[in-house]
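Let the sequences and hints guide you as you build the complete structure.
The lines below spell out each chain.
2 protein chains.
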Amino acid sequence: MESEIKRTEVSSLGEFGLIDHLTKGHAMVQPSTFVGIGDDAAVIDHRDQLTVVSTDMLVEGIHFDLMYTPLKHLGYKSVAVNLSDIYAMNAMPTQITLSLAFSNRFSVEALEEFYEGVYAACKNFNVDLIGGDTSSSNKGFIISVTAFGRATSKNICYRNGAKPGDLVCVSGNLGSAYLGLQILEREKQIFLSDQTIQPDLENQAYVVGRQLKPEPRFDIIELFEKSGLIPTSMIDISDGLVSEIFHICKQSGVGAYIEESGIPIHPDAELLAIKFNLDPVTCALYGGEDYELLFTVDPNDLEKVKYIPDIYIAGEITEADHGIKLHTKGGNIYDLKEKGFNHFTA
Amino acid sequence: MESEIKRTEVSSLGEFGLIDHLTKGHAMVQPSTFVGIGDDAAVIDHRDQLTVVSTDMLVEGIHFDLMYTPLKHLGYKSVAVNLSDIYAMNAMPTQITLSLAFSNRFSVEALEEFYEGVYAACKNFNVDLIGGDTSSSNKGFIISVTAFGRATSKNICYRNGAKPGDLVCVSGNLGSAYLGLQILEREKQIFLSDQTIQPDLENQAYVVGRQLKPEPRFDIIELFEKSGLIPTSMIDISDGLVSEIFHICKQSGVGAYIEESGIPIHPDAELLAIKFNLDPVTCALYGGEDYELLFTVDPNDLEKVKYIPDIYIAGEITEADHGIKLHTKGGNIYDLKEKGFNHFTA
Numbered sequence: 000m001e002s003e004i005k006r007t008e009v010s011s012l013g014e015f016g017l018i019d020h021l022t023k024g025h026a027m028v029q030p031s032t033f034v035g036i037g038d039d040a041a042v043i044d045h046r047d048q049l050t051v052v053s054t055d056m057l058v059e060g061i062h063f064d065l066m067y068t069p070l071k072h073l074g075y076k077s078v079a080v081n082l083s084d085i086y087a088m089n090a091m092p093t094q095i096t097l098s099l100a101f102s103n104r105f106s107v108e109a110l111e112e113f114y115e116g117v118y119a120a121c122k123n124f125n126v127d128l129i130g131g132d133t134s135s136s137n138k139g140f141i142i143s144v145t146a147f148g149r150a151t152s153k154n155i156c157y158r159n160g161a162k163p164g165d166l167v168c169v170s171g172n173l174g175s176a177y178l179g180l181q182i183l184e185r186e187k188q189i190f191l192s193d194q195t196i197q198p199d200l201e202n203q204a205y206v207v208g209r210q211l212k213p214e215p216r217f218d219i220i221e222l223f224e225k226s227g228l229i230p231t232s233m234i235d236i237s238d239g240l241v242s243e244i245f246h247i248c249k250q251s252g253v254g255a256y257i258e259e260s261g262i263p264i265h266p267d268a269e270l271l272a273i274k275f276n277l278d279p280v281t282c283a284l285y286g287g288e289d290y291e292l293l294f295t296v297d298p299n300d301l302e303k304v305k306y307i308p309d310i311y312i313a314g315e316i317t318e319a320d321h322g323i324k325l326h327t328k329g330g331n332i333y334d335l336k337e338k339g340f341n342h343f344t345a
Numbered sequence: 000m001e002s003e004i005k006r007t008e009v010s011s012l013g014e015f016g017l018i019d020h021l022t023k024g025h026a027m028v029q030p031s032t033f034v035g036i037g038d039d040a041a042v043i044d045h046r047d048q049l050t051v052v053s054t055d056m057l058v059e060g061i062h063f064d065l066m067y068t069p070l071k072h073l074g075y076k077s078v079a080v081n082l083s084d085i086y087a088m089n090a091m092p093t094q095i096t097l098s099l100a101f102s103n104r105f106s107v108e109a110l111e112e113f114y115e116g117v118y119a120a121c122k123n124f125n126v127d128l129i130g131g132d133t134s135s136s137n138k139g140f141i142i143s144v145t146a147f148g149r150a151t152s153k154n155i156c157y158r159n160g161a162k163p164g165d166l167v168c169v170s171g172n173l174g175s176a177y178l179g180l181q182i183l184e185r186e187k188q189i190f191l192s193d194q195t196i197q198p199d200l201e202n203q204a205y206v207v208g209r210q211l212k213p214e215p216r217f218d219i220i221e222l223f224e225k226s227g228l229i230p231t232s233m234i235d236i237s238d239g240l241v242s243e244i245f246h247i248c249k250q251s252g253v254g255a256y257i258e259e260s261g262i263p264i265h266p267d268a269e270l271l272a273i274k275f276n277l278d279p280v281t282c283a284l285y286g287g288e289d290y291e292l293l294f295t296v297d298p299n300d301l302e303k304v305k306y307i308p309d310i311y312i313a314g315e316i317t318e319a320d321h322g323i324k325l326h327t328k329g330g331n332i333y334d335l336k337e338k339g340f341n342h343f344t345a
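From first to last, the protein sequence lines are chains A and B.
So the first sequence is numbered by numbering that gives the first Met the number 0: it starts at 0 and just counts up by one.
So the second sequence is numbered by numbering that gives the first Met the number 0: it starts at 0 and just counts up by one.
Since the hints were made in silico from the structure, they are not lab data.
On a predicted model such as this, the values are computed, not experimentally measured, just so you know.
When chains are identical, the list treats them as one kind, so a pair holds in a single copy or across two.
Think about it this way: if two alpha-carbon atoms lie no more than 30 angstroms apart in a straight line, the pair counts; the simulated DSS-like pairs of lysine-lysine are: (1) Lys138 - Lys71; (2) Lys187 - Lys138; (3) Lys338 - Lys23; (4) Lys23 - Lys162; (5) Lys305 - Lys324; (6) Lys212 - Lys138; (7) Lys212 - Lys305; (8) Lys336 - Lys23; (9) Lys249 - Lys23; (10) Lys153 - Lys225; (11) Lys225 - Lys303; (12) Lys338 - Lys5; (13) Lys153 - Lys23; (14) Lys328 - Lys162.
Okay, structure coming up:
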């Protein structure tokens with residue numbers, strides 16, 4: 000006897016019933032969540048701290064492909080990428096709101112799976128889901144998340160505070176999420192051409208995981224606090240290192256150089272890039288979605304940086320007229336272009 | 000010589016260029032807007048007040064029809080309906096974030112028109128646009144707005160505070176927005192069957208305006224403050240009076256009756272309902288999108304209610320076991336059903 004997949008139509012619950020069903024039984028954990036889901040609006044109490052707000056929209060077929068993205072991972076990632084923006088302000092996230100639009104292709108069970116991922120992220124990053132909206136769509140799945148955090152004005156890191164002489168630092172490693180996407184796209188094409196072939200993701204767990212389930216670096220933010228380090232500027236790496244360093248340089252009115260030897264690349268990503276005939280450094284410079292942190296620190300804070308694990312010094316801030324350069328291992332100097340790969344420029 | 004409509008492709012500006020283009024030159028006006036657009040997140044400073052948050056998603060083909068909705072009106076309405084939720088908490092809105100997804104059918108000029116409406120609403124309701132996201136979509140136009148407001152905990156009105164004996168009050172008049180939609184849908188059908196016929200919206204300006212450009216009742220909230228009145232519960236009327244009174248009764252654990260004679264209906268709406276062979280009272284009870292306020296007040300506050308213009312006493316809160324009833328002009332008593340018209344139940 001074959002096991003049946005249960006399918007409950009969303010219309011059988013109605014909009015309010017669906018929200019109840021998907022959100023009940025999740026207690027609020029943040030002291031600043033004054034009132035959560037269930038009224039015209041939610042209420043946040045950050046007392047004498049500032050409220051930090053970030054919002055993102057994710058559209059099926061543009062930002063994700065449900066052929067290879069499990070809904071639970073998608074729920075987790077939708078929350079994680081927003082929280083990454085809050086961490087990039089050197090703030091601690093506290094709440095999210097979540098709005099969804101979906102066609103009748105999606106059952107209650109599919110939405111439950113998505114919410115499982117949402118709540119896993121809420122639990123992991125200690126935030127409350129306090130509101131949202133659900134709606135029909137004629138086509139596809141659209142997700143809008145707004146994230147809230149708290150910070151003191153003294154601690155907040157903007158993009159405009161970098162000064163010549165500051166060290167350019169990167170957390171974790173870069174390019175892995177991009178290579179994970181290449182693997183998933185390749186397996187999708189193979190599957191589309193012959194549906195009897197099972198996907199071969201073996202030995203690619205690391206890079207595929209980086210693409211499907213990014214983990215914003217709250218650990219680094221916590222260590223900044225512990226070590227008393229406040230970066231002079233910070234941004235999360237969602238569109239690739241080069242794109243982000245351009246944002247910091249433009250908004251701070253400075254230039255920068257990146258040392259090729261200072262760019263952290265995971266060995267799995269390096270091997271895979273070579274297998275795909277791609278340059279690992281180019282993948283690390285232009286590949287998006289690693290959700291690591293790019294930040295600058297005053298050189299006097301070097302000792303504090305050394306205290307924090309998994310931080311790499313990748314370059315230095317210069318005067319604006321110096322431009323934005325790459326120093327290669329071979330001793331050459333190149334201008335970095337804001338857009339690298341053609342397929343990133345849409 | 001025919002005048003040409005200018006069409007600039009969004010791709011010619013890029014995502015960051017587009018955001019700059021659409022948002023530049025709009026100064027922040029709210030003292031609590033600490034930092035607006037341009038970083039990973041915006042920053043709000045509500046000091047010793049609470050932050051109230053509400054979010055809505057609007058999807059083309061589900062919530063609006065671009066055949067008869069001018070983009071400028073749509074921009075205005077997208078903001079207005081969210082602010083309505085903030086007012087319904089007895090709070091004053093201060094900021095919004097706006098995320099859009101749109102297909103390449105939309106030009107820069109079309110988006111400019113939409114933003115014109117957004118900024119008109121921002122100006123009218125004195126709120127700052129502090130962040131957002133823009134994205135491609137494969138199909139259609141999707142809008143997600145999150146609105147922020149401030150309030151003291153003493154003043155906030157929830158849905159759960161109504162007590163037996165409280166007066167049920169309604170601002171403005173009901174059913175007009177629903178009848179405006181009927182007009183627009185009729186003219187669309189006529190146009191689709193014969194494109195030489197010009198739409199006949201004459202004498203229907205009021206109801207059509209109520210549908211296309213709703214005005215949330217900040218004036219009422221201001222008068223609550225002035226007269227020292229704090230409703231015991233409040234909700235905005237987006238899904239129809241009956242749907243909203245059910246929310247209040249369910250969350251407050253009470254019943255209610257509505258007096259047919261107490262339901263405010265605009266003369267234009269009344270005439271039009273009759274022309275469409277609809278019952279005006281049913282339109283007022285079940286028609287959505289008027290964005291008026293439904294609230295309950297302690298009977299001792301009756302004098303304060305009288306001080307505020309455009310408020311109608313439409314019934315009374317009762318014990319829960321009494322249910323939710325309509326008292327007709329003819330002296331009959333009916334149970335109100337949560338869903339009225341078939342075409343509202345989807």
